[in-house]
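S.K.: Residue-level listing of the chains:
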Amino acid sequence: MALLEEPIKEVRTIKNYIDGEWVESKGEIIDVVNPATYQTIAKVPISTKEELDAAVEAAKAAFPDWRRTTPLARSRYLFRLKELLEESFEEVSRIQTQEHGKTIDESRGETRRGIENVEVACGIPTLMQGYYSEDIASGIDEWVIPTPLGVFGIIGPFNFPFMIPLWSAPYAVATGNCVVIKPSSEVPNSQTRLAELVEEAGFPPGVWNIVHGGRTVVNGMLEHPSIVGITFVGSTPTGRDVIYKRCGDTGKRVIAQCGAKNFMVIMPDCDVDRTIAAMMTSFFGNTGQRCLSAANAVIVGEDDAFYKSFVDRVVEQTSSIRIGYGLDESVQMGPVRDTEKKDRIMAYIESGIKQGAKLRLDGRKNIKIAGDYPETCFLGPTIFEDVKPDMKIGSEEIFGPVMSIMRVKDLNEAIEITNADPFGNGDSIFTTDGKSAREFQYSVTSGNVGINIGITAPMAFFPFSGMKDSFYGVLHTQGREAVRFFTESKVIIQRWF
Amino acid sequence: MILHTASEGITFAKKLENDSADFYENLAQRNTQDAEAFLSFARDNKKNITQIERVYYGVITDAIEGCFAFNIDPDDYTLKTAVQDGANYADVLDQAVEIERKIIKFYSDAAEQSKPLMADVPRAFMMVARKRENRIEKLGSFLKS
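Protein chains in written order, with my numbering: chain A, 12 to 508; chain B, 33 to 177.
Think of the hints as simulated: they come from the structure by calculation, not from any bench.
Hints may contain errors.
Calculated cross-link-like contacts (lysine-lysine; reagent style BS3-like; alpha-carbon spacing at most 30 Å) [as the list claims (entries may be wrong)]: (1) Lys137/B with Lys93/A; (2) Lys379/A with Lys47/B; (3) Lys93/A with Lys134/B; (4) Lys20/A with Lys47/B; (5) Lys365/A with Lys420/A; (6) Lys47/B with Lys93/A; (7) Lys20/A with Lys46/B.
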């Protein structure tokens, strides 16, 4: 199968987008590597605190006028952005594959999910309407007006370079705020292209800013007195111990969407074909680098014949997954993002073996890569059986293509071990029995629950939820909750004499 | 090689549309009596591509199993688009009908395989398949006239 054309053809040094201008950074410049080819595709700055401050000042200066721009007019900027995104759909998708490694179908899916958030935010004239009560006392009326707050910081992760900042940014600007986005420095091209389209859509200078970088930029956001709130997607230690705590210290609003260890409960009455198809995408899609990837497959029941035949089929299907560069349309799983992540995943595989799990499929060996690419970031899918919840591979977030199979006697035990896990991001059940499904969704302490759904990703008009160690904050990104997060309720009580 | 991913399925559909459009454009040059009809078939093929791409780009999402959407062997749908030297009008119309049948089979099979995953794509496939059934009738009428 021929390779789709790469949109990034030459190595350029990415600039920050501050106050409507593309500005060279004075910070250190590092390489951005395509994980499939292991070639440098861009250079990205690790911006300085002064550069972040300039972006925040620009956003602060733009806020009063932007706030006064009517919601209807603001939505029209988003409509223009949506049109530009549709026109650039394929280019934006291929950039994601080139810089992240995911397959082209996965990238297109990510682009679509991102655009859907822009579409939902286009409805801001009605989404941010307040409410009104007449005669709360004699001759006195009361109403609430959702008002924007100022400047928000948005910190993006590496695994969904295009979509995740769009869980927040469209709602932030639609409600009249201004944003400073820090994309992951591993995958900065997608947000840079997005900012170019934002510029083309004609957003006023300072409303939408991008500052590339690392800890300096993050710390600068957390400390900056003019930033009123932060949205963050990343690991639990950073989300909980750094972002959430320091936002508390500095009085900022916060949405911290963190790590996960997702359980997929498989009942013996499940539709086997459809369940296995869903498992392939859920465990190995995005090379397992998804906070909604299933990690533990919990097979319910004491029927040994069912268990054996089900697992054999899973192993057989997994073995057929085609690995390679995601711009080859036939590829079903790309590389992991970088060697550091690959090493981390391999260490987990090693720990699984040491702790006594049974290795059914070893992704470290005999990796068959479609095409002539270095093995550097590639890893095959791995399957363990006999995994216990207290093993590292059964309890910690691996963030890679590793399936840990557990076996339990009944649904209650499955729910028990699911709930005992400290994370609560996206757990699912596969069954044809409504009572089991209802019991699972009712009892499980998880923010996003799937019933015969492998990837429990909420649509843009629903909140992207999370519980326990998977989420720190109150309101979530996307939809109406995002509108509430980016606005404060101003309550008016009025009487005329 | 078996086609599995959604992207491969859509690209293969486009290839069938483009190859058959080329065939009809060639036919229009060789057979002036029904040239306009053949050219309109070719134009319709381009519209089919637009329609299929539009629905695919509209529904592709990580909620579906995009990397395991199809199980298509392209060899089952190989089109013979080269017109043999010395073929008469009846022969090329038969060839056109054969092409249409192959493409209908592709769309029907692909729609059936992807139905559990995607609502809009199988529907678009079946719409194109139905249009092609009408085209077969029209090709038959050319021979009678």
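S.K.: Evaluate each hint against the coordinates.
M.R.: Structure-based check of each hint:
1. Lys137/B with Lys93/A: Roughly 36 Å separates the two Cα atoms, so the pair is violated.
2. Lys379/A with Lys47/B: holds, 28 Å
3. Lys93/A with Lys134/B: violated, 38 Å
4. Lys20/A with Lys47/B: holds, 26 Å
5. Lys365/A with Lys420/A: holds, 25 Å
6. Lys47/B with Lys93/A: holds, 29 Å
7. Lys20/A with Lys46/B: holds, 26 Å
Against the hints set out earlier in the document, violations occur for numbers 1 and 3.
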